[in-house]
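So you can see what is in the structure, the chains are spelled out below.
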Amino acid sequence: MGLDQGCHNWSGSLRFRPSRIEAPRTEQELASLVRAIAAQGRTLRPIGSAHSASPIIVTDDVLVSLDHLKGLYEHDERSQQVTFGAGTKLTEVGECLHSIGLAMPTFGDVATQTVAGAIGSGTHGSGRQLYNLSMVLIGGRLVTADGEVREVSFEQDPDFIRALRVSFGTLGVFSSMRLQLEPIYDLHRQEWCCQIDDCLSRLDEISRENRNIDLYWYPRCDEVNLRCLNPPGKEPDYNAFARLIDDRTGPSHKVIPKHSNLPHRFEEMEYALPAEAGLDCFRELRRRIKSKWRRSVAWRLLFRYIKADDTWLSEAHGRESVSISLHQNSSLPFWDYFTDLEPVFRDYGGRPHWAKKHTLRADDLRPLYPKWDDFMMLRRRMDPQGVFLTPYLKMLLDA
Amino acid sequence: MAEFGRRKWVIPGGRIPFHSTGREPDFTSRDELAVLNAGYSDTNLAITLFYPDREPVGPYELVVKARRTRRVRINDLIFPEAVPLDVDYAALIEADNPVVIQFTRVDTGHAETSWAGGIAFPSRG
Numbered sequence: 001m002g003l004d005q006g007c008h009n010w011s012g013s014l015r016f017r018p019s020r021i022e023a024p025r026t027e028q029e030l031a032s033l034v035r036a037i038a039a040q041g042r043t044l045r046p047i048g049s050a051h052s053a054s055p056i057i058v059t060d061d062v063l064v065s066l067d068h069l070k071g072l073y074e075h076d077e078r079s080q081q082v083t084f085g086a087g088t089k090l091t092e093v094g095e096c097l098h099s100i101g102l103a104m105p106t107f108g109d110v111a112t113q114t115v116a117g118a119i120g121s122g123t124h125g126s127g128r129q130l131y132n133l134s135m136v137l138i139g140g141r142l143v144t145a146d147g148e149v150r151e152v153s154f155e156q157d158p159d160f161i162r163a164l165r166v167s168f169g170t171l172g173v174f175s176s177m178r179l180q181l182e183p184i185y186d187l188h189r190q191e192w193c194c195q196i197d198d199c200l201s202r203l204d205e206i207s208r209e210n211r212n213i214d215l216y217w218y219p220r221c222d223e224v225n226l227r228c229l230n231p232p233g234k235e236p237d238y239n240a241f242a243r244l245i246d247d248r249t250g251p252s253h254k255v256i257p258k259h260s261n262l263p264h265r266f267e268e269m270e271y272a273l274p275a276e277a278g279l280d281c282f283r284e285l286r287r288r289i290k291s292k293w294r295r296s297v298a299w300r301l302l303f304r305y306i307k308a309d310d311t312w313l314s315e316a317h318g319r320e321s322v323s324i325s326l327h328q329n330s331s332l333p334f335w336d337y338f339t340d341l342e343p344v345f346r347d348y349g350g351r352p353h354w355a356k357k358h359t360l361r362a363d364d365l366r367p368l369y370p371k372w373d374d375f376m377m378l379r380r381r382m383d384p385q386g387v388f389l390t391p392y393l394k395m396l397l398d399a
Numbered sequence: 400m401a402e403f404g405r406r407k408w409v410i411p412g413g414r415i416p417f418h419s420t421g422r423e424p425d426f427t428s429r430d431e432l433a434v435l436n437a438g439y440s441d442t443n444l445a446i447t448l449f450y451p452d453r454e455p456v457g458p459y460e461l462v463v464k465a466r467r468t469r470r471v472r473i474n475d476l477i478f479p480e481a482v483p484l485d486v487d488y489a490a491l492i493e494a495d496n497p498v499v500i501q502f503t504r505v506d507t508g509h510a511e512t513s514w515a516g517g518i519a520f521p522s523r524g
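For the protein sequence lines, the chains are A and B, in the order given. When the letters of the first sequence are read in order and numbered with the numbering used here, they come out as residues 1 to 399. When the letters of the second sequence are read in order and numbered with the numbering used here, they come out as residues 400 to 524.
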């Protein structure tokens with residue numbers, strides 16, 4: 001990322017020019033930087049791996065890379081707790097954990113994000129019993145807006161951690177994160193292809209008998225790719241209505257993320273809905289795509305499950321959820337498609353993914369989150385000067 | 400049988416029908432390639448699509464395993480870019496080993512299914 005060419009996100013749809021880019025080598029350097037920025041009345045934005053499709057990463061002032069704050073700092077096998085540098089990539093997290101006999105409960109479809117970026121934006125995998133990734137956060141070291149370093153923990157202040165988990169760097173910048181993990185485990189990945197009607201009539205049952213489960217729907221052929229991951233020996237058999245197209249077993253960090261190295265770029269809009277509304281919403285989206293968008297859209301819809309949590313700004317706060325994602329090639333027009341379907345998501349009470357495309361602003365978001373006002377009050381208290389805000393974040397948070 | 404077919408093929412008259420009737424995917428209107436790789440090595444295909452009014456798009460990359468056939472719906476290609484329906488295109492298909500390619504259009508836009516089949520143009524180039 002060089003200032004001469006400006007910066008861009010993974011898909012290329014966001015291009016921006018920070019006033020400068022900093023990459024502190026230590027926590028002390030990060031804290032000094034925040035102090036200096038605050039004293040100058042300027043703003044600072046941390047960036048992970050720039051995977052986000054929403055402008056939460058965009059700034060015209062100081063951009064801070066956490067690339068040097070990475071690696072496994074400490075771990076305790078008995079409590080299954082570990083501390084990583086906030087700039088550690090999830091791919092590295094998976095490898096490190098495997099070497100010490102531990103594992104993340106799940107991953108998303110890609111693992112190229114940093115641990116701070118994935119947790120801070122509410123990145124998730126899919127399964128009725130699987131939380132989003134932020135729920136593994138139980139503490140860490142946070143550089144606050146006055147440049148002080150604060151040790152935070154769930155044991156000392158659970159509500160603060162519930163606010164911090166999904167806060168995309170607006171309450172402070174993590175230098176390290178303490179995570180609660182699981183013993184190492186293998187999963188058997190099986191992907192099944194079938195006709196959409198054969199899937200939807202069984203989906204409730206399917207969603208309850210697989211550990212990790214999501215599905216792709218392909219609008220140009222009305223077929224479904226059911227992606228199921230289970231402990232070896234506990235796999236359901238769908239040969240009666242589907243054909244097996246992928247079948248392999250391995251450690252969780254190897255078989256859950258599938259598309260980390262996708263060479264082609266795409267854009268994405270995602271909303272999370274109450275689980276009970278998920279299928280009705282999907283059916284309405286499918287009708288509209290087939291009648292209006294099939295001429296130009298061939299990309300799949302992704303349907304996933306997220307377990308309800310108590311993180312203040314989580315997509316799944318207080319409700320069992322499904323998420324539905326729209327995709328389009330980044331080289332093709334996508335906004336008309338996304339914004340035509342966005343009202344359908346909203347009609348079903350959808351909450352947008354913070355790191356994907358959406359058009360919502362603070363007035364739209366506030367009614368969707370029971371803890372919205374508490375979060376905003378906390379944010380103002382933590383950062384009264386707005387050191388961690390950008391013009392986009394001010395619109396998003398009404399700050 | 401190891402060197403059977405050609406390495407370059409052209410389909411100049413592509414156009415994926417927009418409307419479909421009947422249960423999908425069986426009755427989805429489509430342009431489809433059937434590829435025969437009779438040789439003893441896997442073959443990589445690179446498909447470039449040409450349009451009347453914009454720059455070509457590609458390559459769309461596929462593999463046909465040794466001594467196997469493969470059906471590919473043009474409708475389903477999304478990397479690097481989804482192919483628009485109801486738009487004229489021409490396809491240039493380049494293989495690193497000789498293959499035989501048949502092109503088929505299925506148009507189910509009316510209740511009476513209509514099919515049109517044909518062989519692609521093999522080039523010695």
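Check each hint, because a few of them may be wrong.
[As the list claims (entries may be wrong)] SDA-like cross-link-like pairs, simulated, lysine to any residue; straight-line CA separation at most 20 angstroms:
id: 1; chain 1: A; residue 1: Lys70; chain 2: A; residue 2: Gln180
id: 2; chain 1: A; residue 1: Lys290; chain 2: B; residue 2: Glu480
id: 3; chain 1: A; residue 1: Lys292; chain 2: B; residue 2: His418
id: 4; chain 1: A; residue 1: Lys258; chain 2: A; residue 2: Lys70
id: 5; chain 1: A; residue 1: Lys292; chain 2: B; residue 2: Asp506
id: 6; chain 1: A; residue 1: Lys292; chain 2: B; residue 2: Arg422
id: 7; chain 1: A; residue 1: Lys290; chain 2: B; residue 2: Phe403
id: 8; chain 1: A; residue 1: Lys394; chain 2: A; residue 2: Asp373
id: 9; chain 1: A; residue 1: Lys258; chain 2: A; residue 2: Lys290
id: 10; chain 1: A; residue 1: Lys307; chain 2: A; residue 2: Glu182
Just so you know, these hints were derived from the structure itself, not from any lab.
Hints, one by one, checked against the model:
no.: 1; hint: A:Lys70 - A:Gln180; result: 18 angstroms, holds
no.: 2; hint: A:Lys290 - B:Glu480; result: 19 angstroms, holds
no.: 3; hint: A:Lys292 - B:His418; result: 11 angstroms, holds
no.: 4; hint: A:Lys258 - A:Lys70; result: 23 angstroms, violated
no.: 5; hint: A:Lys292 - B:Asp506; result: 19 angstroms, holds
no.: 6; hint: A:Lys292 - B:Arg422; result: 18 angstroms, holds
no.: 7; hint: A:Lys290 - B:Phe403; result: 41 angstroms, violated
no.: 8; hint: A:Lys394 - A:Asp373; result: 15 angstroms, holds
no.: 9; hint: A:Lys258 - A:Lys290; result: 27 angstroms, violated
no.: 10; hint: A:Lys307 - A:Glu182; result: 17 angstroms, holds
Checked against the numbered hints above, the structure breaks hints 4, 7 and 9 and satisfies the rest.
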